[in-house]
Every structure is written in C-alpha cells, then in structure tokens.
Amino acid sequence: MELMVNGTPRATASSPVTPLLTVLRDELSVTSVKPGCEQGGCGSCTVWVDGEPRRACLLPVGTLEGARVTTVEGLGTPRDLAALQAAFNDRYAAQCGYCTSGMLMAAQALIDRTGGGPVTREQVIEALSGHVCRCTGYVKILDAVIAAANGEYEGHHGVEFEGDASQPEVEPKGAPA
Amino acid sequence: MRSSDTEALIPTSEAEAVEAFRDGSGVTVLAGGTILMPDVTYGRYPKGGRTLMLHRAGLDTVTDNGVVTFGAMATLDAVVASGVPPLAEAAAAVADPEIRAQATIGGNLAAPPGVASPRGDLQAPLLAMGARVRSVGADGERTEPVEDYLAHERGRLVLSIEIDRPARGAYLTQRRPHSHSYSVMAVAAADVGGGVRVAAAGIAPSAVRLSGVEEALANGESAAEAGAHAGEGVEPPDDALASGWYRREVLPVLTARVIEQLQGG
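Protein chains in written order, with this note's numbering: chain A, 1 to 177; chain B, 1001 to 1265.
If you're looking for bench data, these hints aren't it; they were derived computationally from the structure.
Take the hints with a grain of salt, since some may be wrong.
[Said to hold, decoys possible] Just so you have them, the derived chain A footprint on chain B, three or more residues with Cβ under 8 Å:
1) 1002-1009
2) 1089-1100
3) 1192-1203
[As the list claims (entries may be wrong)] For each label pair, taking beta carbons as the anchor points, the in silico distance ranges come out as:
4) B:Gly1048 <-> A:Pro9: 27 to 33 Å
5) A:Pro78 <-> B:Ala1167: 56 to 62 Å
6) A:Gly115 <-> B:Pro1113: 39 to 45 Å
7) B:Glu1144 <-> A:Glu152: 55 to 61 Å
8) B:Arg1175 <-> A:Cys135: 20 to 26 Å
9) A:Asp80 <-> B:Gly1155: 35 to 41 Å
10) B:Ser1211 <-> A:Asp50: 41 to 47 Å
11) B:Gln1263 <-> A:Ile125: 29 to 35 Å
12) B:Ser1025 <-> A:Glu152: 38 to 44 Å
13) B:Gly1026 <-> A:Gly97: 41 to 47 Å
Quick reminder that beta carbons are idealized off the backbone N, C-alpha and C, glycines included.
Produce the entire structure from the sequences given, and follow the hints as far as they go.
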C-alpha cells in the first residue's frame, strides 16, 4: 500500500498491523520521528495524519491507505524554518531535542486550529498534555508556542513543505537498524 | 520484530464485520488500536491468527433521538462531543487529545482488564447510565445491559452502545502526580429516572455498580453517609498506580463528592 509522506508517495510492504512509527523509521528511514515509550504515553513520535496530530506508535499502518502523513520535515527545513521552529530555537525550548519533533507537531496543529493564533497558555497546556519533556520543565516550550502564535517570529506558518522532504538534508550516520 | 504476522481482515460494512468475526475464535478485534499496538511493539500480540480491523466498517456513527446510539468505533472525541452526562465528562478525562482522537468507545468497553493499571474508564459511566450493548458472538446477535456484557467472558464483537440520555450525571476521576494520565479510580453517578445509579472503575477488574450506595440514597441517606457504603463487597487491587488500601480509603470520599455534585447540579 501507499502513503503520502511529506508530499511524496511512499510504498510500504509492512503488514497492516505494524505501527506507523516502525514503517517510518525502519522501512522509510524517516528518523525524525522519535520512539520514546512506544505505548502512547510520551508523545515523542507524534506526526500528522491528514493534518491532525496522532501517535505514530499507536497507529496501525493498514488504516492509513492513501493518508497524508506529515513529519517535522514537513514544517520546515534548517534553511527555511517555520515560525514555531524559530521560536523553539530562539527561546531554548529544545534541550536534548528528543521530544521536540512531537512537541512541534502538536503545537503547530493547535496554532493551525486557531487560525494561526494567538493561543492561550491553557490551550497550549491542553494541546501538549500528552507530551513529556525531561529537560526543560516545560516553561520555555509554552513560552515559545505562545510567542510563535503571537506572530513574534518570522517564518511560514502552517504551510506544508512543498518539496521532497523524505530525503534528509543531513545524511544519517550508518544504516538504520 | 515490531510487526505482526496476523492475517488482516478489513470489512467495509457491519454485515461484513459480523461475517468475518464468526464465533470470534482466533480473531483479535482492532478498534482504535491504542491498547493493542503496544502489544505489537513489545512482542505480546497473538502470533498468527486473524485481526479484524474495523476502521472501514462504518461503525463510527452517533445518532441521538432521545436514545443516543454510539457505533462501537465512535472515538472518544465523538463521545465528548455528544455531551451526554456523565459519559462525556469521563471521555474528556481520558489520556490526552491525540489518544482521544484515536481511541474508541467499543475498544474501551471491550478491552480485557489491564495487568499493571485499570482499563475501561468509560465502563463506570456506562454502568451508571444503564447502557445497553449490542454485540455478536457464537450464538448470534444480542442486546443486553452493560453489566451483563461485562459479567461474561469478552469474546464478542461489540457493534453499538445505546443510552437513554439521563436527566443528570456526575463524574470524578482520581489521579496522583506520578500516575501521569492514568486514572487511579473513578466514580460515576446518573439520575436515570426512578433512582440514582452509581458505579466505580479502578477497584475491580472491570467497573462495578455500588449497590450499597444506591440503596442508601434511596433510603434518604446523605452523600457522606451513602459514600461510606462504597467499599462494600469490593477488594480493590494493588497495582502500579496505587495500593488496595489507598483505594479503599479514598473511594468513599470520591463517591460522596460525586453524589454531592449530582445533587447540586
């Protein structure tokens, strides 16, 4: 079956009862999607399916025939950051970075749902309530999302990257396991 | 291997789903997937066999004509949107937005009891509301009260859940900081006309009605007095979230608060 991953059709040969996370990382080499708890409790593997945030570790790939899957590469690139990514970078909202791609997908979905912002602190807390960060203490993450939604950062907003984002700009070291 | 060798069955109607399920032997039913997919990842998923994937079976509709009927595949988001008390409050308290968009009412009801922590957060409000479950199995289709459904071995395919919208409902869930988004236990109460029904989750393998509390309320006892009957006949478990002792101590308080909320609202 076929999925659209960041605008590019990608075929998968995995069994329908395979987590999307496994397909993205092990079969399609999209390693920005981070495996954390792999049981739905940490939020690090969050991607968009047809524009809505979902846990890649909990989604059977067989339910996604023809679906649009967007990973953090679909938000922006190192040379062309989304405003939210610029805010995370500027406000030290990422430390080790492991939770960041999932945080970004959930937060950008919130900003898009509210028509590009602004958003309240309570809305951000609710939208990120399933996302665990063991470094920052969350305050800088909340501040970054609110600042981006307030238009304090340059960069595009809620626009899916148009090119082929399935090929990472930085070559991964070694072959995927 | 983070995958399954199961044979996937993907019906496109309720009739096809029933046909594929047959008597249920060797079949794993995959609804939203939030409980089963970690079993794939961690190697606990049944080897071989067949998996009935229900995402295209058209079982996700919600209808409301006085009686509210939820298709088994209605998501927790759809349950929240229905606004039916106290079920909607219970669904809104489950996990986080991404999980509620994927998890289903049928999966929540039909999931076998959890080993490390309680499951089935919606069972208590469904019991309190006197919900009816339509399911199929080896002996065909039947519609039965949710307590009868919960009393027998699961082994059946849940198709829909119907509820008479109660006049009033109340729900409280109890969490502790380390329990993350899991509910330690929860109490639901509903005024269904002719009496108040009360049920609790997290104190037994499946949710149970608190009949001692219901009788006390019928006899005119206060919320606190009625709540004191909550522990009758139950042996709350020790698990990863709380000890049985802790649950036994907190349950009467939580129950009294739910009744106060119901009577005040």
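These are the hints, each one checked on the structure:
no., hint, result
1, 1002-1009, "holds (count 6)"
2, 1089-1100, "holds (count 5)"
3, 1192-1203, "violated (count 0)"
4, B:Gly1048 <-> A:Pro9: 27 to 33 Å, "holds, 31 Å"
5, A:Pro78 <-> B:Ala1167: 56 to 62 Å, "holds, 58 Å"
6, A:Gly115 <-> B:Pro1113: 39 to 45 Å, "holds, 43 Å"
7, B:Glu1144 <-> A:Glu152: 55 to 61 Å, "holds, 57 Å"
8, B:Arg1175 <-> A:Cys135: 20 to 26 Å, "holds, 24 Å"
9, A:Asp80 <-> B:Gly1155: 35 to 41 Å, "violated, 54 Å"
10, B:Ser1211 <-> A:Asp50: 41 to 47 Å, "holds, 46 Å"
11, B:Gln1263 <-> A:Ile125: 29 to 35 Å, "holds, 31 Å"
12, B:Ser1025 <-> A:Glu152: 38 to 44 Å, "violated, 60 Å"
13, B:Gly1026 <-> A:Gly97: 41 to 47 Å, "holds, 44 Å"
In this structure, the hints that do not hold are numbers 3, 9 and 12, in rising order.
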